[in-house]
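Residues per chain are reported as follows:
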Amino acid sequence: MALTPPSERIWWRQPIAKIELIWIFVAFTWGVLMFFMMIYWHGAGEQNLSNEAYQIKPKVFAEKAQKMIDEYTVREENGFPVVRPPAGSDVYLIARLWQWWPVLELEKDQSYRLHLSSMDWQHGFSLQPVNINVQVHPGYEIVMTVKPDRAGEYGLICNEFCGIGHHNMVGKIHVVE
Amino acid sequence: MSALFDYRTCPTTGLRVDRNAEKLIKANAVVAVVFLAIGGLFGLLVALTRWPAVHFLPADWFYLALTAHGLDVLLVWIIFFEMAVLYFASAILLNSRLAGPKWAWTGFGLMLVGALITNVAVLQGGSSVMFTSYVPMMAEPHFYLGIILFAVGALIGCGVFFGTLVIAKRDKTYDGSIPLVTFGALTAAIIAVFTIASGAIILIPTLLWSLGLVSHIDPLIYKTIWWAMGHSSQQINVSAHVAVWYAIAAMVFGAKPLSEKVSRTAFLMYILFLQIASAHHMLVEPGFSSEWKIFNTSYAMYLAVVGSMVHGMTVPGSIEAAQRSRGLTKGLFEWLRKAPWANPAFAGMFMSLVFFGFIGGISGVVMGTEQINMIMHNTLYVPGHFHGTVVAGTTLAFMAITYLLVPLIFRRELMMKKLATWQPYVFGIGVAGISVFMMGAGTLGVSRRHWDMTFADAALPFDYPSAAFLMMGLNGIFACMAALGGLMFVVIVVGSVFFGKKLAEDEKPSYPEVPPDSAAVGHYGSSESLRIPGTAFLVGIFFVAFVLYYFVNWKYLSEIWPLS
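If you read the protein sequences in the order shown, they are chains A and B. If you're matching positions, the first sequence starts at 885 in this note's numbering and goes up one per residue. If you're matching positions, the second sequence starts at 35 in this note's numbering and goes up one per residue.
Where hints are given, some of them may not hold.
Unchecked claim - Selected chain B positions facing chain A (Cβ under 8 angstroms, derived; list incomplete):
1) Asp209
2) Pro213
3) Ile409
Derived from the structure by calculation, the hints contain no laboratory data. Even for Gly, the Cβ is constructed at its ideal location relative to N, Cα and C.
Based on the provided sequences and hints, a complete structural model is requested.
Given below as structure tokens:
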């Protein structure tokens, strides 16, 4: 029994049943396959999160974002500037208590270098309904290349708990033809 | 020495039972159940608030209740119960006295005081920082202090466990190697030491930071080391509840492991590889390389997953082998059909096994895939997954073995037997529903730890699809069912422990029924005794489900915006 010492004292010399060996082989092979699937996707897949990241002071990040906002704001929406940066450019998105700032307007099928950083606590970049989720830290900026492939209005919610206003932290990204 | 060793002889097993160990098992188990009740109540409040039609608590109370729920069930209930499991698997199973009972009581006291301090901190309202308490969000100093005291107490408990193993070996209280269940408990204790050390490394500086003595804690370093505690502590649970599965299979069926070598190697895989799963929480963070993520998130090529898949076959396999040797050999499933489904220990254990594998296990591996994590991170998929592992897996298994511990250790007859028969089903199916519907809502993008999925007060509007609201409503209904199952458990166990009929010193408990161990499998691996076609069929179904679900999620991933 599993509750008593093994009845065969030299239990490590006991043969293993065939059915167990088969299952171990299947499980191990499946594990190796899943492992290489991640590596394969880096070559063949189109959805890989960038590893490009820098340490950055919140103030410096905010200044870069402000420069972009000053240059490319096209209109206002509920008090948020709507910024339409040129295709291929660096786009800055500020996470702070409790806003995603500014609202972005991107062109479909164009690539942008999206920079994310937080001014205060941790936040969760959660773009809906595509369901792309990236963690945003204060003091670090992550830089990822995004290529929106469908036009529409995307909601940007915060999915890392950031205090009592967390559930009101909603931003927006417009993707236009 | 004998003067120190006050014992009784168990009428069921003939083992000597150290009264010190027995008292400690009782104390830890009772406190565990009390915190399960408190934490479960907070969980119900959380679920009722997330049910859009009910939306029960105001926002500040919701975040407070969610913090308390995580702490009280994920940490306090489970670790207290694990202490009881450790003392049971060492002193009782090895027929030995417990090392340093005074130390064990000190550890128990520290854990209790720590748990109370942290609970007070949370209830005061200034520490609604969630279980994870990510910096730079700051809790009150005594929030961290309580967790540290709790961890020190648990570390002492592990020390008592190791000491008991040493004493038992020296005094030759058993013959040969330690039992498999004790080996599983040893695995849990070794992982616990790593876990608690990680917790100390990060929470002590964080305490000093909240006192103003340290100026800055890096959020990425905090998160990496915190999860070396947070995720590893879930691996303690896995090791402990797998040991409990083996224990229940042995107690109820007299089942013998198919192969000691295979089962022990599977536990060894846990010790070697489970801890690096801290990386599961770092897959969409800035500043880690893909090489680091892939190696760590896969537990070095999924070797720990192989360990779990092996247990997933050997536990039901040992039951099937024992049942077949008893003559239940018809077809693939007579052994399973005629299993004692009215015995709550078996029913709870078997559901724990199935739900842990199919719901918690598969979703965990899928979510822990480097790229797929992007479409799941911090959505409700995450709590969906871990309610499958920790509640439907660990908690259900611990509930199941409690039905055996009440008569054997508390020496009380179980009350409300009819209710007990239903309890694992009500709780198990409730929790399975919670897991599945939260995973469904997460797939639709619904955020975890979020008070208002309608975003009524947000400056910019956003609407989730209506299916997401349906999912959260169903989640609420199943949460009520699980809460009812939890309440049934608490009533039965607390009632029996305090008011159940006392068993005489030499009286064998009659319920739950435990057959004699004569029916165990004859020889390991010998072809005439080991025929487990039913189990082979079940793991085949599991494997097909695993493969399909894995690739379905790659398909989902391929449909989002191209990213690089």
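Q) Which hints from the list above does the structure break, by number from lowest to highest? A) none
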